[in-house]
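**Q** Read off the chains here:
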Amino acid sequence: MFEKSDEQLIAKALQGNKQAWINLLKRYEKPIYNYGVRMTGKHEDALDLMQEVFISVYRNLATFRQEGSFKSWLFRIAHYRCIEFYRRKRPMDGLDDIPEIECEQAPSEQHIDSAIENRLLIQAMQQLPLAQKSVIELKFFGQFTFDEIAELTGMSANTAKSRMYGALEKLKTLMEVDYA
Amino acid sequence: MPSYQNEQLLGMWLDGQLNEQQRQAFEQRCLDDAGFAQQVEAANMFNLHAQHYVEQEVPQWDRAATFDQTEKTPWWHWQGLSGLSIALSVVAMFMVVTGFQIKVDEGAVTISFADKHSSQELERLVNDKLQQYQLEQQLAMNRFTQSLQQQQLDASGQLTQYLLTSSRKERREDFAELIKFINEQRTDDQLFYARQLNQLQQDVYSPAQTGMNISKE
Chain G
905 MFEKSDEQLI
915 AKALQGNKQA
925 WINLLKRYEK
935 PIYNYGVRMT
945 GKHEDALDLM
955 QEVFISVYRN
965 LATFRQEGSF
975 KSWLFRIAHY
985 RCIEFYRRKR
995 PMDGLDDIPE
1005 IECEQAPSEQ
1015 HIDSAIENRL
1025 LIQAMQQLPL
1035 AQKSVIELKF
1045 FGQFTFDEIA
1055 ELTGMSANTA
1065 KSRMYGALEK
1075 LKTLMEVDYA
Chain B
731 MPSYQNEQLL
741 GMWLDGQLNE
751 QQRQAFEQRC
761 LDDAGFAQQV
771 EAANMFNLHA
781 QHYVEQEVPQ
791 WDRAATFDQT
801 EKTPWWHWQG
811 LSGLSIALSV
821 VAMFMVVTGF
831 QIKVDEGAVT
841 ISFADKHSSQ
851 ELERLVNDKL
861 QQYQLEQQLA
871 MNRFTQSLQQ
881 QQLDASGQLT
891 QYLLTSSRKE
901 RREDFAELIK
911 FINEQRTDDQ
921 LFYARQLNQL
931 QQDVYSPAQT
941 GMNISKE
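As you go down the protein sequences, you meet chains G and B in turn. In my numbering, each residue's number is its place in the first sequence (first place is 1) plus 904. In my numbering, each residue's number is its place in the second sequence (first place is 1) plus 730.
If you're looking for bench data, these hints aren't it; they were derived computationally from the structure. Check before you lean on any hint, since a few could be wrong.
[As the list claims (entries may be wrong)] Covered stretches of chain G (chain B as the covering partner; in silico rule of three or more C-beta atoms under 8 Å from a C-beta of chain B): (1) 976-989; (2) 1021-1027; (3) 1037-1048.
All C-beta atoms, glycine included, are put in the ideal place defined by N, C-alpha and C.
Take these sequences, add in the hints, and give me the full structure.
**A** Next up, the structure:
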């Protein structure tokens, strides 16, 4: 079946076509939701974050210049929304601060079902500072290059590489423990 | 061979951007640096985990709320606005360069370029100007004629008045002279007659006296 491109759906959504917007949203809700799950570690927070991201995307849809891909633009908004989300949740924490894991609220079988691997991966990611977690998320799950990550997050490509390097070091230890 | 930092080398490897030289450097680093090799292994492992990550289904949520909560796109965000402004600028430049003009004259719309008048328009303009000039000249001539007439009338009146006045004066003077002359004549006549009478008296009285004297004698 012929599928409309992102640009066509955006143009229709801008004209007030609700169905076009819903179709565009359905196309990207799963990656954004899973991005939220991995970044926040909670289904509820992921759902809230996804809603905030899509509200923000629609409000700024007219400013999308189609210079890059819609996916990149969407993840850029998701990244900044995620930072805001964290600032609201933990206003005293910096981007490079290591989060305090709340044992009772840590992702568990109750919150994050599916595979055990998923759970362990998400658990490990929750122990990274937001700045490192963003890079890991965009690199390994978003499949963005470091130049794209630099553009999305506003940091330099070298900084992104350094953060990824540091994050891998931590993840290696964490996942060794988890998988042990 | 340029030296690369571990972070850069790993980053390029993950992006799949290693050239032959960098690939050699990368492989050599993996052999020489156990820490780096472990990092590569961790990246590989994490990449594998990421690939095996089972994407979770999105729970039911109110998708339409994101549409309803949004504001109407303001008109100045209309994507065609920039294109429209460029097109209008081009049209404006074209109009300026070509001297484009639109004229509505007596129910007829005329579109012209190069800011030039048509021959009809030119003729009409010249005729208008000539008529205007003629009218002005005629008015000026009328005014001049009237003024000249008035001047002549004034001069004639003044001349008549002067002639009348001067002739009256002359006549009066002439009469005065005549009367004076007559009076002088009369005075002369009176003197003459008086002298004559005296003479006569003398003549009359003188012989009588002489006779009386003679008779007395």
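**Q** Evaluate each hint against the coordinates.
**A** Quick rundown of the hints versus the structure:
Beta-carbon proximity to chain B at under 8 Å applies to 0 residues in the segment 976-989 of chain G; the threshold of 3 is not reached and the given coverage is violated. Coverage of the segment 1021-1027 of chain G by chain B holds in this model, with 3 residues showing a Cβ closer than 8 Å to a Cβ of that chain against a need of three. Remark: the segment 1037-1048 of chain G is confirmed as covered by chain B, as 4 of its residues place a Cβ nearer than 8 Å to a Cβ of that chain, reaching the required three.
Hint compliance for this structure: hint 1 is the single one not met.
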